[in-house]
Amino acid sequence: MPDNQEAREVVGDYKAGWKDTENSTIRFDFGLSEEVVREISKLKEEPEWMTELRVKAYNHFVKRPMPKWGNTSTLDEIDFDSICYYLRSSEATEKDWDDVPEEIRNTFDRLGIPEAEQKWLSGVTAQYESEAVYHSIREDLEEQGVIFLDMDRGLKEYPDLVKKWFCSVVPLTDNKFSALNTAVWSGGSFIYVPKGVHVEMPVQAYFRINAKNMGQFERTLIIADEGSSIHYVEGCTAPSYSTDSLHSAVVELIALPGAHIRYSTVQNWSSNVYNLVTKRGIAHENSKIEWVDGNIGSKLTMKYPAVILKGEGAHAEVISVAYSGDGQHQDAGAKIHHLASNTTSKILSKSISKNGGRGTYRGLVTVSPKAENCKLNVVCDALILDEESRSDTYPTMEVANPTARCEHEASVSKVSDNQLFYLMSRGHSEEEALAMIVNGFFEPFTRELPMEYAVELNQLMALEMEGSIG
Amino acid sequence: MTAASGQAEALMEIVDLHVGIDDTSILKGIDLRILPGEVHAIMGRNGSGKTTAANVIMGHPDYEVEKGDVLLNGDSLLDEDPWERARRGVFLSFQYPQAVPGLQVGNFLRKSVASIRGEDAAKGANFRKELNEAMDQLKIPRSFLSRYVNDGFSGGEKKRFEILQMMLLKPKLAILDETDSGLDIDGIKTVASGVNAAVRGTDSGALIITHYSRILEHVKPDFIHVLIGGKIVASGGPELATQLEENGYDWVENMAAEGVA
Ligand SMILES: Nc1ncnc2c1ncn2[C@@H]1O[C@H](COP(=O)(O)OP(=O)(O)O)[C@@H](O)[C@H]1O
Ligand SMILES: [Mg+2]
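Quick note, the sequences are listed as chains Y and F, same order. Numbering follows this note's numbering, in which position 395 of the first sequence is assigned residue number 395; successive positions increment by one, without gaps. Numbering follows this note's numbering, in which position 52 of the second sequence is assigned residue number 52; successive positions increment by one, without gaps.
Since the hints were derived computationally from the structure, they do not count as laboratory data. One or more of the hints may lead you astray.
As the list claims (entries may be wrong) - With a Cα cut of at most 35 Å, we get these calculated DSBU-like pairs of lysine-lysine:
no. : chain 1 : residue 1 : chain 2 : residue 2
1   : Y       : K414      : F       : K28
2   : F       : K123      : Y       : K414
3   : F       : K111      : Y       : K346
4   : Y       : K56       : Y       : K310
5   : F       : K129      : Y       : K119
6   : F       : K111      : Y       : K119
7   : Y       : K414      : F       : K111
8   : Y       : K414      : F       : K67
9   : Y       : K176      : Y       : K346
10  : F       : K172      : Y       : K414
Fair warning: this is a prediction, and the values are worked out from it, not measured in the lab.
Required output: the full structure, derived from the provided sequences and hints.
As structure tokens, this is what we get:
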């Protein structure tokens, strides 16, 4: 049974902070070595090329220094030896919620996943610790040839497809954390949408960390073939512990000519989770990749969803919001590389910091010399709710072709007493008034989310504003 | 509350009100009694303290009440937060309404009505009908509902939106701070008829702050008060507005100095 009382004491307002008792069927000792990496691969009965790829990535991870930018002092606090790199709590990935172990099922029930699945999703994968515990896709999509599997099954059933694309967008030497992910990855989604198929309703992945000092390293690969489209939504939560957990995912997207991929995230980790994620997509001719990225929780998030505009006429959009509360640092942004002519991109970043929280926008947009007539638009807005909080902006544009049209706007604002007074004079308490301002500030983001998520995000922010008035 | 003997009970009463901000005193002893069904007007030059008075009645946290009291239906408002005052029926049409980007007008109106008049009043077909009628009356197009509160509104749109809120929130005491400036004559007539409909023959009341007599021709206030330097220096009937228009504020100021008014 979840220990509610204790959970509440630890978590305060964080409403996804309960924990289940741990019933692991396989649990690795803390710490990482080549042996651990090989053990994970063996346990999963992987082909040899994957084992060797993992080992190579591990060696790169060990050699690669920590990034020398971002929140280096918090990064340096990560103790890689006190993290569990693999933990399995369920024997199998089930297709029926009734077959999922009761306690785990209860957790996903409380998070509303099965209910959402019935109402408005095309498919769901639910990952608990290292493995997917539930997975299902609507039959009609399966019949149209859509592949939606957890990554481990993907590798088993479509080894050639995986071999072709795995690490093709994010090479294992990309950065320290993508190397770590490549070494110890487990779970995540594997999606292939055939030519011309439009997946109308979103598919959702939900990632839950339950155990203490857990490392979750899911790996997601989405390939949208020519003229196809898909909307993938992910959510994540964890219990609040006083010790740290590490979430380090890699997501690779491939949009073939004319395809459209939208990838939406509402990250709501508890404030003991390091969230260090590499997300990148390659957009071929006339395709479109959109990252809709909401970062509400975690201790430190470093995440810069990226798009490589490789084919002519491709379009990239990164819309992100970040909320940093007490003890949190959201270091987030976007990277877009215009490699081909007539490519367009749009970045909208909104950040709110409160109670000493710290928000950083870090963005990079490049236009290569050969790319003619590109259009770039970058807008970043920060809202600071009190004197202790902080917001920094590092926008970088490297434009090597003079035909590019670049627009850039940045603003930092504070909530004014007059704005609050105006709303309060209409019958709204100070907290409600603040939530209205904050939700309004995030509105350009929430309107891009499926309605159910938008409502949830607004409620979440209202909760964050409670007790915030001194 | 029962009325004091021989005297009707005041809807709102301001008693010897002294207000300062950052150690500067702005209002220096104001008295005002508004009875149910009455419309009062405060006139005065820029900087005389009109907005300060309105903000203090609504409960703006920046002002310090040094002395005196403000009562609604006999109970002091001063210890109450602005939203409590709003729920008790005080409404302020702002001289400078604030923009809230991302907050949709329709949503905001529904939430405000729910908060002040109760959830039921903000639900279903009745609310929609009420909303549509008020918008038609103010000549506000439906597309307005999906815009963001005061964000990019013209001066006239802001003022019309304030009156739309007044009509939907059904206050006991409506304070209109320079709602007429920024409106054309058509707008002024609409506002005036809105105020008349909300107040005349009801137990509500209104306080109209302005420095033009134009709106007063259409509302015909019961009393006009002239505020100069934080004090009410003259009070009278509607004729005072006309005299002011003709002779200017210097005239009242001189009269006040001579103790005539
Ligand atoms: N927030 C404030 N801080 C400092 N001084 C203020 C503030 N608000 C008003 N005042 C001063 O108080 C006086 C009255 O202002 P106000 O009430 O706005 O006048 P009115 O509405 O009649 O034009 C002015 O001298 C103004 O400068
Ligand atoms: Mg004023």
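We went through each hint and held it up to the structure:
1. Restraint check for K414 (chain Y) and K28 (chain F): satisfied, since their Cα atoms lie roughly 33 Å apart, inside the 35 Å limit.
2. Proposed proximity of K123 (chain F) and K414 (chain Y) is supported: the alpha carbons are some 33 Å apart, at most 35 Å.
3. Distance restraint check for K111 (chain F) and K346 (chain Y): the Cα-Cα separation of roughly 33 Å lies within the 35 Å cut-off, and the hinted pair is therefore satisfied.
4. Note on K56 (chain Y) and K310 (chain Y): the hinted pairing holds, with a Cα-Cα distance of about 28 Å set against a maximum of 35 Å.
5. Between K129 (chain F) and K119 (chain Y), the direct Cα distance comes to roughly 32 Å. Compliance with the 35 Å bound is thereby established for this hinted pair.
6. For the proposed pair K111 (chain F) and K119 (chain Y), the alpha carbon gap of about 27 Å is at most 35 Å, so the pair holds.
7. Proposed proximity of K414 (chain Y) and K111 (chain F) is supported: the alpha carbons are some 24 Å apart, at most 35 Å.
8. Of the supplied pair hints, the one linking K414 (chain Y) and K67 (chain F) holds, its CA atoms being roughly 32 Å apart against a limit of 35 Å.
9. This hinted pair checks out: K176 (chain Y) and K346 (chain Y) have alpha carbons roughly 28 Å apart, not beyond 35 Å.
10. Between K172 (chain F) and K414 (chain Y), the direct Cα distance comes to roughly 33 Å. Compliance with the 35 Å bound is thereby established for this hinted pair.
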